[in-house]
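**Student:** This is what each chain is made of:
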Amino acid sequence: MSSFTPEKVIETVAFLATLFLLPPLLVGVIRKTKARMQNRIGAPYFQPYYDLLKLLNKNETISKHTSWMFRSTAAFNFSFLVVLAFLAPWTSFHPVEINGDLFLILYLFGLCRFFTVLSALDAGSAFGGFGASREVTLALLLEPAVMMCLASLGVVAQTSNLTDVFNYTNVSLSTQPALWFLAGMGLFLASLVELSRMPADDPTTHLELTMVHEAMILENSAANLALTEYSHCLKILILLGISCQCLLHACPYFWHTTALIRGGASVLAIVMMAAFVALIESVAVKLRWTKLPEFIAYSVAMSIFCVLIALGRNL
Amino acid sequence: MVLDTFEALAMLAAMLGILILGTNDLRTNLAFYSMHTTAIAAETAWIGHLTHENHLFWIAGCVFLIKSVSIPYFLKWVIRKVDVGTDTGAFIAAPLSMHLGAFTVGLSYLISKQIPGLVGDADSTLGSTAAMSILFTGVLLMLTRRAAISQIVGFLVLENGIYLFAVTQTHGMPLLVEMGLLLEVLVAVMVAGLLLFNIKKSFEHIDVSQMTELKD
Chain A
1 MSSFTPEKVI
11 ETVAFLATLF
21 LLPPLLVGVI
31 RKTKARMQNR
41 IGAPYFQPYY
51 DLLKLLNKNE
61 TISKHTSWMF
71 RSTAAFNFSF
81 LVVLAFLAPW
91 TSFHPVEING
101 DLFLILYLFG
111 LCRFFTVLSA
121 LDAGSAFGGF
131 GASREVTLAL
141 LLEPAVMMCL
151 ASLGVVAQTS
161 NLTDVFNYTN
171 VSLSTQPALW
181 FLAGMGLFLA
191 SLVELSRMPA
201 DDPTTHLELT
211 MVHEAMILEN
221 SAANLALTEY
231 SHCLKILILL
241 GISCQCLLHA
251 CPYFWHTTAL
261 IRGGASVLAI
271 VMMAAFVALI
281 ESVAVKLRWT
291 KLPEFIAYSV
301 AMSIFCVLIA
311 LGRNL
Chain B
316 MVLDTFEALA
326 MLAAMLGILI
336 LGTNDLRTNL
346 AFYSMHTTAI
356 AAETAWIGHL
366 THENHLFWIA
376 GCVFLIKSVS
386 IPYFLKWVIR
396 KVDVGTDTGA
406 FIAAPLSMHL
416 GAFTVGLSYL
426 ISKQIPGLVG
436 DADSTLGSTA
446 AMSILFTGVL
456 LMLTRRAAIS
466 QIVGFLVLEN
476 GIYLFAVTQT
486 HGMPLLVEMG
496 LLLEVLVAVM
506 VAGLLLFNIK
516 KSFEHIDVSQ
526 MTELKD
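As they're listed, the protein sequences go chains A and B.
If you're matching positions, the first sequence starts at 1 in my numbering and goes up one per residue.
If you're matching positions, the second sequence starts at 316 in my numbering and goes up one per residue.
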């Protein structure tokens, strides 16, 4: 951050606008695409914004058995995710150069999950308990996959700073489209589970047998729920953004183009990825809970291939 | 390592082969098998393009038509007739065998470096790495699965491995030999498929682990 050049100002404004305005739109895009796939008109693209505003104006109900943990979790998670948005390489433009260490990013996500799980247990409802248990089980299975995908990129780039890995300057990474593609696929499969989208969890039902994420936020209402929903949208943005960036890095074209095209492409890619998620949700069925490790195993297999490529890069 | 198209297609075939191991669902297995064979056909066509040997294009077309369209189609029909959708009770859990398969790629690389007589360039080393890991994949499929359909898929993957080894090392056998091989594979699958009907009729299951018991 040297000085306030006009480019820097535009970059900062674009970053903040994308960060705070795009997330609910992604949910809107997903819902609209799903509706169109089912031959419905569907809610308008901006419906999630109205929903959030509506929730903010409602009166909040808090169970008298809960402690401060339940009340503050939404705020904790929101602030963690905003910090993550500044650290994680989900777009090609970043107003500030922070050392986005891969372990820091991964375990900030872990901290988010920790607080969500604690607040789910805090309310003492049966749903919260099993939602939390399922979430932790999934996290346990996913962590090696995400870690190995990102770490193999880091090994090739010889740094654990993801900002350096993803900024189109590393020479040894520019010749590895296969590695980028596999990492992108692995992260995409992992984020489908992490975001509790279709093969893992059906985000539209409120049936106790199928819920993972919904079961944990069942006790939230009004402003708390608005903040939780918004944090979830932000998580969609960041996770889909990271896998999009991996896939964009796999195209040699983006290594030799201007920052403007890269920035536009990264935002467009996230929106298209959201539509693609909706497409998958329209044609795929939800997997049975016991079948889920098999699905996650594909993500782990991708990450093992990444590791093999990273190890064999000097051969 | 920087992959060129030759190596990338070979490794893609190996990777798709390994993904077959990841699920017990027979239809998904066949879909992955079909993609895996398409990658091998593309590799054959690419070698034909590199070496300017036109008969390789014909072989690629036949491989695509017979192995990645007709055989999966036929096996899907068999699955529908026999009415067995999933392979229950693999000896090694499917995700685990997939990860095992992924590690055999590294093992195959180490082995291919040791084989005497291979041409020493990177192309043939990686080609034989891919071929050998496809061989391992086929062996894993045949050893760990119970349903007889998986045995057929395992056999086909094994055959693909041998074929890929031949085509990457020697840049293609004569057209006549390849055609004979393809025909034989087709016949073998047909016979195995028809045999399945009889097995299903007399045993009322297609679980190979229980076929050692005598029954009258």
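I should point out that these hints are in silico values taken from the structure, not numbers from a laboratory.
Idealized CB from N, CA, C, for every residue including glycine.
Misleading hints may appear alongside valid ones.
[To be verified] Short, incomplete list of chain A residues facing chain B, as computed with Cβ under 10 Å: (1) 34; (2) 37; (3) 293; (4) 298.
**Student:** Hints first: check each against the structure and report whether it holds.
**Tutor:** Against the structure, the hints:
With a cut of 10 Å, the hint placing residue 34 of chain A at the interface with chain B is violated, because the nearest CB-to-CB distance is about 23 Å. Annotation: interface hint on residue 37 of chain A violated; nearest CB of chain B at approximately 21 Å, more than 10 Å. For residue 293 of chain A, the suggested interface contact is upheld, since its CB lies about 6 Å from the closest CB of chain B, less than 10 Å. The beta carbon of residue 298 of chain A comes within 6 Å of a beta carbon in chain B, closer than 10 Å, and the hint placing it at the interface holds.
The earlier numbered hints that this structure contradicts are 1 and 2.
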